[in-house]
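So the protein sequences, as listed, match chains A and B.
At position 51 of the first sequence the residue is numbered 51 (the working numbering), and the sequence of numbers has no breaks.
To convert, take the position in the second sequence, counting from 1, and add 212; that gives the working numbering.
In short, the hints are calculated from the structure, not lab data.
For clarity, every value in this text was computed on a predicted model and none was experimentally measured.
Incorrect hints may have been included.
To be verified - With the C-beta cut set under 7 Å, the calculated list includes, among others, these residues of chain A facing chain B:
(1) P41
(2) T42
(3) A83
(4) A114
(5) A118
(6) T150
(7) D153
(8) A154
(9) L156
(10) N160
(11) Y187
C-beta atoms are modelled at their ideal positions from N, C-alpha and C, and glycine is treated no differently.
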Amino acid sequence: MEITAAFAVPICHARLEACDRLNRELAQLFLARETQEYRNPTPSHNPQAEMFESRFDLFSWPEPCIQELRKFVLEAVFRVAMAASQTAREEFARLHLNNHTWFHITRHTGYFVAHNHALASWSAVYSVKDGTDADGVPRGGLLRLFDTRTGADAFLDLANQRLRQPFVVGDLELQLQPGQLVVFPSYLFHEVTPYYGPDTRITVASNCWFTA
Amino acid sequence: MTALADQSGTVPLFAIPFTAVNTGADRDFNARLASLCESQRSAPGLPGPGLLDNTSRDPLHFRGRDDFLDSADATAGELKRLIMAQASTVVAGLNSIGAAEFGKLHIQARAWCSIVQRNGHVPAQHFPGASWLAVYCAQAGESDAGFKSAGVLRLYERRLGSIYRDASTWELKSPYCYGNHTWSPVPGRMALFPAHVPHEVSVVRSVTSLILVFAMIRFVDPNAKDGRNG
């Protein structure tokens, strides 16, 4: 007998080591550019005063800290996409990776409603600043990735209510730490839960797609 | 072609029923119900916010015990009759079995109140083991100016086909359009939809707390011989 995981969703967790200096520079830059000039002029959802969303051209900025982050994020996306694909590596390596990338600054009670990203294949979220207290107490602001198997747990009995990984049904909640990067398929619905910290939560998000 | 078909013969497939009804409950009833919910929150010995609702990390959301409709309180009993009558009527109308047969089914419900203060929310949830979820609004306030979609019941879009769009599918009309569905709670009104549908209550931006009663509902065939719920 063999049990296999079908319909699996690839999710990559990566971490940028020694990221304190980079994150400090990024946070400083983003806070300085939390202005109308840099705000996304065509938000896809109702904008909130508690969450600033930048334009989608972040990785075209010339600042060294942006380019350093760009290298880390896009290399990770490329590696994930290649690892998840049956396409031969040498053929995959010739593909061109396109991206829309932006930053979010979230303040007390800010959140982002459940959504996915049309016309992209891979999405990534990098944590610049998690906004937790000095004592490390979580204050919301979770990245929640929704299980694609909606309704799969509608009927539970004693045999299926404690399924083990990778079969367990349920959403994935991530409290991102500074320097942490998550890459997942763009079709996956996700949200950011309300942030209740006293500080700011800062993330960079990217939608990617490959062309010849 | 079904009765739902338009002139081109197009019909909505795989549709999820969502109903919002005006129960006709008056202001006095809703005030009594809100007061009953508040009394649960302040009752000694009850777990504090977030302890009963293990998915909630929001101290501004209180979720009460799930035997709310079993209380001996007259207002709770009145609400139970109201929710069950409305749910039965709606669900009977969605069924192909006749009204007489449907009327023989037994309705069961487990309900709890949620009190959501300003800046609080009800996190994403759905409920196994029930077929329907009723959401009754006992109290709601006006959102502060500038806040859109605050304190709404939001049912999540889950059709993954939304990932590819072209110029013809960005602006599809209802019921074909992609996107979450929101319902603004109003005192005396009740929403009803399948319990497996993921949903949330978005952050409340009103000085008046939002008070909702959630009821998981199922219908049981008392004559079912195989032990199932009919």
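**Prompt:** Should the hint that A/A114 touches chain B count as held when the rule is a Cβ pair under 7 Å?
**Reply:** 5 Å, holds
**Request:** Under 7 Å, Cβ to Cβ, is where A/D153 needs to be relative to chain B, so tell me if that hint holds or is violated.
**Result:** Check passed: Cβ of A/D153 comes within 5 Å of chain B, closer than 7 Å.
**Prompt:** Can the hint on A/Y187 be confirmed by a CB-to-CB distance to chain B that is less than 7 Å?
**Reply:** With a closest approach of 4 Å, the A/Y187 hint holds.
**Request:** Using Cβ atoms only, decide whether A/T150 comes closer than 7 Å to chain B, and label the hint accordingly.
**Result:** 5 Å, holds
**Message:** Hint validation: A/T42 versus chain B, beta carbon distance must be below 7 Å. Holds or violated?
**Reply:** 12 Å, violated
**Evaluation of the interface hint that places A/N160 against chain B, nearest CB under 7 Å** = Violated, about 10 Å.
**Item:** Evaluation of the interface hint that places A/A83 against chain B, nearest CB under 7 Å
**Value:** Since chain B brings no Cβ nearer than about 21 Å to A/A83, farther than 7 Å, the hint is violated.
**Prompt:** Can the hint on A/A154 be confirmed by a CB-to-CB distance to chain B that is less than 7 Å?
**Reply:** At 4 Å from the nearest chain B Cβ, A/A154 passes the 7 Å test, so the hint holds.
**Request:** Using Cβ atoms only, decide whether A/P41 comes closer than 7 Å to chain B, and label the hint accordingly.
**Result:** Violated: closest Cβ of chain B sits about 17 Å from A/P41, beyond 7 Å.
**Asked** Taking the least C-beta to C-beta distance, is A/A118 closer than 7 Å to chain B?
**Response** 5 Å, holds
**Item:** Closest C-beta approach of A/L156 to chain B relative to 7 Å, hint status
**Value:** 5 Å, holds
When the structure is compared with the earlier hints, violations turn up for hints 1, 2, 3, 10 and for no others.
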